[in-house]
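Protein chains in written order, with our numbering: chain A, 1 to 171; chain B, 1 to 538.
Treat the hints as calculated values from the structure; they're not laboratory data. No residue lacks a Cβ here, since even glycine has one placed at the ideal position from N, Cα and C.
Lysine-lysine pairs mimicking DSS-like chemistry, simulated, CA-CA at most 30 Å apart:
#1 Lys64(B) / Lys169(A)
#2 Lys54(B) / Lys533(B)
#3 Lys72(B) / Lys169(A)
#4 Lys92(B) / Lys456(B)
#5 Lys456(B) / Lys428(B)
#6 Lys77(A) / Lys92(B)
#7 Lys77(A) / Lys72(B)
#8 Lys64(B) / Lys50(B)
#9 Lys64(B) / Lys88(B)
#10 Lys77(A) / Lys64(B)
#11 Lys88(B) / Lys77(A)
#12 Lys171(B) / Lys428(B)
Derived list of chain B stretches under chain A, where covered just means 3 residues or more per stretch with a C-beta under 8 Å from a C-beta of chain A:
#13 64 to 75
#14 79 to 91
#15 189 to 203
#16 338 to 350
#17 361 to 367
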Amino acid sequence: MNRRRFIKTGLIGGAVLAAGGAWVVWRDVRDADASSPPRDRIVETLTAVAPVLLAGALPADAAQRSAALASVTAGVKEVIAAFPPAVRDEVDDLFRLLDIRIVRQLLTGVAAPWRDADPAAVHAFLERWRWSRIALLQSGYFALHDLVLGAWYADESAWGMLGYAGPPKVE
Amino acid sequence: MLRDPIQEGLARGWQVIDAASLAQGQDYEADVCIVGTGAGGGVSAEMLTKAGLKVILVEEGPLKSSRDFRMKEADAYPQLYQESAARKTRDKSINILQGRCVGGSTTVNWTSSFRTPETTLAHWRTKQGLAAYTASALRPWFEAMEARLSIAPWQVPPNRNNALLSLGAEKLGIPWAAIRRNVSGCWNIGYCGMGCPTNAKQSMLVTTIPAALDAGATLLVNAQAVRLVRPDAAQGRATAHLEVTPRPGASTAGLRHRIRARHFVLAAGAIGSPALLLRSEAPDPHSVLGRRTFLHPTVISAALMADPVNAHAGAPQTIFSDHYLDTLPIDGPMGFKLEAPPLHPVIFATTMAGYGEQHAALMREFNHTHVQLALLRDGFHADSPGGRVMLRDDGSPVLDYPLTDFVFDGVRRAYLAMAEIQFAAGAKRVLPIHEHAGMYTSWQQARQGIGELSLKPLSTRIVSAHVMGGCAMSSDPRQGVVDGAGRHHQWGDVSVLDGSLFPTSIGANPQLSIYAIVARLASALASELTGKKPPATI
Ligand SMILES: Cc1cc2nc3c(=O)[nH]c(=O)nc-3n(C[C@H](O)[C@H](O)[C@H](O)COP(=O)(O)OP(=O)(O)OC[C@H]3O[C@@H](n4cnc5c(N)ncnc54)[C@H](O)[C@@H]3O)c2cc1C
Ligand code: SF4
Numbered sequence: 001m002n003r004r005r006f007i008k009t010g011l012i013g014g015a016v017l018a019a020g021g022a023w024v025v026w027r028d029v030r031d032a033d034a035s036s037p038p039r040d041r042i043v044e045t046l047t048a049v050a051p052v053l054l055a056g057a058l059p060a061d062a063a064q065r066s067a068a069l070a071s072v073t074a075g076v077k078e079v080i081a082a083f084p085p086a087v088r089d090e091v092d093d094l095f096r097l098l099d100i101r102i103v104r105q106l107l108t109g110v111a112a113p114w115r116d117a118d119p120a121a122v123h124a125f126l127e128r129w130r131w132s133r134i135a136l137l138q139s140g141y142f143a144l145h146d147l148v149l150g151a152w153y154a155d156e157s158a159w160g161m162l163g164y165a166g167p168p169k170v171e
Numbered sequence: 001m002l003r004d005p006i007q008e009g010l011a012r013g014w015q016v017i018d019a020a021s022l023a024q025g026q027d028y029e030a031d032v033c034i035v036g037t038g039a040g041g042g043v044s045a046e047m048l049t050k051a052g053l054k055v056i057l058v059e060e061g062p063l064k065s066s067r068d069f070r071m072k073e074a075d076a077y078p079q080l081y082q083e084s085a086a087r088k089t090r091d092k093s094i095n096i097l098q099g100r101c102v103g104g105s106t107t108v109n110w111t112s113s114f115r116t117p118e119t120t121l122a123h124w125r126t127k128q129g130l131a132a133y134t135a136s137a138l139r140p141w142f143e144a145m146e147a148r149l150s151i152a153p154w155q156v157p158p159n160r161n162n163a164l165l166s167l168g169a170e171k172l173g174i175p176w177a178a179i180r181r182n183v184s185g186c187w188n189i190g191y192c193g194m195g196c197p198t199n200a201k202q203s204m205l206v207t208t209i210p211a212a213l214d215a216g217a218t219l220l221v222n223a224q225a226v227r228l229v230r231p232d233a234a235q236g237r238a239t240a241h242l243e244v245t246p247r248p249g250a251s252t253a254g255l256r257h258r259i260r261a262r263h264f265v266l267a268a269g270a271i272g273s274p275a276l277l278l279r280s281e282a283p284d285p286h287s288v289l290g291r292r293t294f295l296h297p298t299v300i301s302a303a304l305m306a307d308p309v310n311a312h313a314g315a316p317q318t319i320f321s322d323h324y325l326d327t328l329p330i331d332g333p334m335g336f337k338l339e340a341p342p343l344h345p346v347i348f349a350t351t352m353a354g355y356g357e358q359h360a361a362l363m364r365e366f367n368h369t370h371v372q373l374a375l376l377r378d379g380f381h382a383d384s385p386g387g388r389v390m391l392r393d394d395g396s397p398v399l400d401y402p403l404t405d406f407v408f409d410g411v412r413r414a415y416l417a418m419a420e421i422q423f424a425a426g427a428k429r430v431l432p433i434h435e436h437a438g439m440y441t442s443w444q445q446a447r448q449g450i451g452e453l454s455l456k457p458l459s460t461r462i463v464s465a466h467v468m469g470g471c472a473m474s475s476d477p478r479q480g481v482v483d484g485a486g487r488h489h490q491w492g493d494v495s496v497l498d499g500s501l502f503p504t505s506i507g508a509n510p511q512l513s514i515y516a517i518v519a520r521l522a523s524a525l526a527s528e529l530t531g532k533k534p535p536a537t538i
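Bound-form chain A, shown alone (with noise of 0.2 Å):
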């Protein structure tokens, strides 16, 4: 597992460490880490994350609403899938990040797992990332912000809110 790399990675360096929570993040990641098999850490977030994102534009009826958010996550992962090495990794540091209960806690400010998540701490944590004065958590919001967004408005089920017929017939 490469866990060097995540600790290397910028979100945690500038952020968490300044909070003096190294020691801490140290022992989770290792747990996290050593959880097998993982959790599916973008379904997990997703779970939370999603909803929120999509307030106003998912369907109101429960099944059709929640094949739209199975659709989002998969259409998530897929677009995670055709990115070159290192921007996927990138990504899953981002996923492994939110996925880590303290680290969560420390830079979310949500301590609940993301299943048990209120969508008002989800917004709360949002709106942190999104004015965030740290770019790197800043970034962490606009990723979020186009995977999920993109993921829906890619699917023809979101397309009748637009007043979107799709592409002509070409024959």
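Could you slot chain B with the ligands onto chain A? The hints should help.
Below, chain B with the ligands without anything else, positioned relative to chain A:
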């Protein structure tokens, strides 16, 4: 059924090799090896092959064709763009669009065609010692490429998104004009950015590359050029060779293939070409390699209109205004070119700031949204040194482009200019694409709001589809990687023939500048390598 010229060519027996499917490391030999198949690589390939040289092309992206172009962003971005259309500068503050497929960025570009402005050429002549770059010397090459690529005035009325730019400009007395396009039999549907499904766009994919393949060139696809290995007599290597690896992710990615050639043409695009030289540890005694990379940093302004705009439909970018370029000295504060881009769901959703209910409300206005963009002319002032291409630990390139106050001064003027034109065109509300910007309901309000905006990296949304420079040409080796002929100052068997040549940005959409300048340089190179008269046109 629409014709698919690529499938037809393959059926005729084109030499196309998928590097990902090669089971063993291979050795190839050619007179000329061209890296990249975009604007520069395509034109070079046709010229050099037709001059009788044995040419092999190396392209890191896939070979896709009209039958693959389904007009869906979800397919197009991962298949056809660098880093799934999410390439970012080092601090993540600028999103860079570049093609990564056969045809390079020309397969996905928006067809706007401009000759290199005379003010830009004059700057090159005086500042870079490029005396041969006169309008009259280039004219025959512009004419030849315009004929080759069917570049002509666009006769169809502009779509509403573009018409609003001319309407607003007209009201304010600002000059505007129609954009010429490289199309033949265009259906006016507006999906140029996802690969043209009708083959109307005269990209390299359907013009020069097929011509080169028909004339006997070989094309290696899904093949990443890793580095140039120098000749070494002691090691029994009379010529240099290029080391090539299948694209990452292929099961054969660990293999290395070698291409020996008398001459190498680097046309991997800005970022790609300097990165290849950096990986090859090319001599760089004056520390110029990768530096002075320019982007035309681009900012966006959205306007809500009462009537439908449907900016996704109809040819993109058919109207422009150079008013804010022409009224400023080229080496003064940053001027900008105004255009109206296409809008599609993913690009729109990721570009609009915010999230949740507020973002969803903007999305519902998709069909009523008119968008303008301002391309800032970088690289002409001492305070605009552009960016620098660097390598990550794994050898992949990343561009460091610091956003300075000099750039932000241009950004603010651009937001103001676009808002004023949009209100003049009847906008109900105007929203500069910036995290802190308000939704302004009048020009008065916009002027004040934009005046007070705090302009910082990241919260100011900046994009670029025009990467230029990084292997700057100059007659002076202290200022350039290559000379005025595109020849590497230290390595005589290497030429750079693509957008990375430019010592500044162009100050106009760059494709036609690349086609014409590369045609001229490739013609001279063909003559030199064959010892025959230079091919006059393409
Ligand atoms: C969405 C979009 C819209 C645009 N619209 C316009 C427009 O309307 N008008 C205009 O004038 N310009 C436009 N442009 C810009 C224009 O298309 C480019 O400036 C031009 O194509 C650049 O030519 P190039 O030869 O330098 O590089 P490219 O055309 O980008 O080609 C470079 C090629 O090299 C390949 N490559 C890179 N690295 C390697 C490697 N290591 N090994 C092998 N292959 C490699 C890439 O995959 C790519 O295919 C647009 C660009 C984009 C992305
Ligand atoms: S607008 Fe014309 S050139 Fe562009 S994709 Fe449609 S048919 Fe092709």
